[in-house]
Amino acid sequence: MSFSKSRRKLAVAIILLLIAVVMLTFSILNPSQKTGMFRKLVLESIAPLESVINTTSSRIGGVWGRYIFLVNLGEANRELVGENAFLSQKINDYREIYLECLRLRRLVGLQGKINYPTVAARVVGRKQSPLFETILINKGNSEGITVDLPVQTVNGVLGRIIEVSWNVSKVLLLVDYNSNIDTLIQRSRAHGILQGSGEKGCKLKYVRRTEDVNVGDVVVTSGLAGVFPKGLVLGTVESVEKEETGLFQEIRVSPAADVTRIEEVLVILREEENQE
Amino acid sequence: MYFLSLWLFSFLVLILQVTLFDLLFHGKIALEITMILVIYAGFHLDITRGSVLAFIIGLFYDSMASMVPGIFVVVYMLIFFIAKVIADKVRAENAVFIMGFTFMSTFLEGIVIFFVYEVLLDINLSYLLFLKVFFPQALIVSVISPVVFSLFRRVEVLVRVGESK
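In order, the protein sequence lines correspond to chains A and B. Per this note's numbering, numbering through the first sequence is continuous, rising by one, with the last residue being 276. Per this note's numbering, numbering through the second sequence is continuous, rising by one, with the last residue being 165.
I should point out that these hints are in silico values taken from the structure, not numbers from a laboratory. Treat the hints loosely; a few may be bogus.
Label-pair distances were calculated between CB atoms; the ranges are [said to hold, decoys possible]:
1. B/LEU4 x A/ASN115: 49 to 59 Å
2. A/SER188 x B/VAL147: 29 to 39 Å
3. B/LEU24 x A/VAL215: 29 to 39 Å
4. B/LEU131 x A/ALA225: 25 to 35 Å
5. B/LEU24 x A/GLU244: 38 to 48 Å
6. B/PRO136 x A/THR245: 33 to 43 Å
7. A/ASN155 x B/ASP46: 49 to 59 Å
8. B/LEU131 x A/LEU87: 40 to 50 Å
9. B/MET104 x A/ALA11: 26 to 36 Å
10. B/PRO136 x A/SER239: 21 to 31 Å
11. B/ASP88 x A/ARG209: 53 to 63 Å
Under the rule of at most 30 Å between Cα atoms (straight-line distance), these lysine-lysine pairs were calculated in the DSS-like manner [stated by the list, open to error]:
12. A/LYS9 x B/LYS89
13. B/LYS28 x A/LYS5
14. A/LYS205 x B/LYS132
15. A/LYS9 x B/LYS28
16. A/LYS203 x B/LYS89
17. B/LYS28 x A/LYS205
18. A/LYS34 x B/LYS28
19. A/LYS242 x B/LYS89
Here the structure is a predicted model, which is why all the values come from computation and not from measurement. Where is the CB? At the ideal position from N, CA and C, for every residue including glycine.
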């Protein structure tokens, strides 16, 4: 009796392992599958929680830095420091609002320059694993966002949407190893594929040895793969190496968008999405 | 009751992990408490409870952080099975043993992820990344693992008391 019970328990565990292997195989064979209901629910739940925890912790950090360490000073001094901390916080709040206004003004300016409809969004979650360069933004299906839409900052392309739930989307940054973007060197029109290299930025692959590429050249989207419109700035060439053998050059590209300091982004809606 | 509370518990542990990871290490090293939880499950829970726990935690972590759905479910299930097999053969209570096993498990996770990327997806990851991400991660996670183990033991006692009532 107990033998059959333990076998049943083992069978449950093995079935779970098989399901896991099938899930992984399916996701490898179908890389551009739609966001499933479970993933949507998790995205919807994590975004507000992360946002609240991040805001609270940064406020606590601010109070700790300004106030707690001064607890042993005299009463009068304490009052003054408290008042000072309060005022500093106020100034800091106003400065934050002022800077946000400036950023939004630049973003609105950019919105006018792009010939596509766009949606402005705020970053609510940063990368959740050191291996994957992704962020969460606070706009989703309800704003017309779909998978594979380009995401832009004031300085240049940031990445593309890879998962969408109702009010949250996940953006794959162009520095992620999974990111591949069809590109052109703006000056010489040399063609290549920009692949993410994590913290090191990006590398431009498949540019032939004979092509004219210099340090400082601007890299733009080619518009060929159908995800990014043509001519969006991706970055600048940081280094060019031509080995004695080999068909292609080794080119490092520094992204135009600062992927470590993003607060607001623009999602570019393609025309067909807009018509839908 | 156990299987219902598992969903909430797994989700909370992951939220804590993801937030701590961003706050403490600025997104460079993952404080993978979930890995320690899966090892704990392998050492202390029966095979059904433990495998369901590993599956659910992997599923949540995949949905939150992974680019390749299913990868963390497979990794966590594998680590759970290895821990289970080892727990049946040796007495896995020693802090040094727990630390060593956690260190090796984090490395195993790295190897599986590299295998999936390099061989199955044909995406070149830098080998330096392995040293820069997985080595410090394995070190930190293994150092905190005995403390986290004792916390999980308390939670397990509470759950069992609740169940017996």
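Now the hints, each set against the structure:
1. B/LEU4 x A/ASN115: 49 to 59 Å: The hint (49 to 59 Å, Cβ to Cβ) holds, given that B/LEU4 and A/ASN115 are roughly 52 Å apart.
2. A/SER188 x B/VAL147: 29 to 39 Å: For A/SER188 and B/VAL147 the Cβ distance comes to about 58 Å; the hint is violated.
3. B/LEU24 x A/VAL215: 29 to 39 Å: Holds, at about 37 Å.
4. B/LEU131 x A/ALA225: 25 to 35 Å: 33 Å, holds
5. B/LEU24 x A/GLU244: 38 to 48 Å: 46 Å Cβ-Cβ, so the 38 to 48 Å window holds.
6. B/PRO136 x A/THR245: 33 to 43 Å: 36 Å, holds
7. A/ASN155 x B/ASP46: 49 to 59 Å: 54 Å, holds
8. B/LEU131 x A/LEU87: 40 to 50 Å: 47 Å, holds
9. B/MET104 x A/ALA11: 26 to 36 Å: 28 Å, holds
10. B/PRO136 x A/SER239: 21 to 31 Å: 27 Å, holds
11. B/ASP88 x A/ARG209: 53 to 63 Å: 59 Å, holds
12. A/LYS9 x B/LYS89: 19 Å, holds
13. B/LYS28 x A/LYS5: It is violated: about 44 Å lies between the C-alpha atoms, which goes past 30 Å.
14. A/LYS205 x B/LYS132: 24 Å, holds
15. A/LYS9 x B/LYS28: Violated, at roughly 38 Å.
16. A/LYS203 x B/LYS89: 48 Å, violated
17. B/LYS28 x A/LYS205: Holds - the C-alpha atoms of A/LYS205 and B/LYS28 are around 26 Å apart, at most 30 Å.
18. A/LYS34 x B/LYS28: Holds: A/LYS34 and B/LYS28 sit about 28 Å apart, inside 30 Å.
19. A/LYS242 x B/LYS89: Answer violated: A/LYS242 to B/LYS89 is near 56 Å, above 30 Å.
Violated hints for the displayed structure, listed by number in ascending order: 2, 13, 15, 16 and 19.
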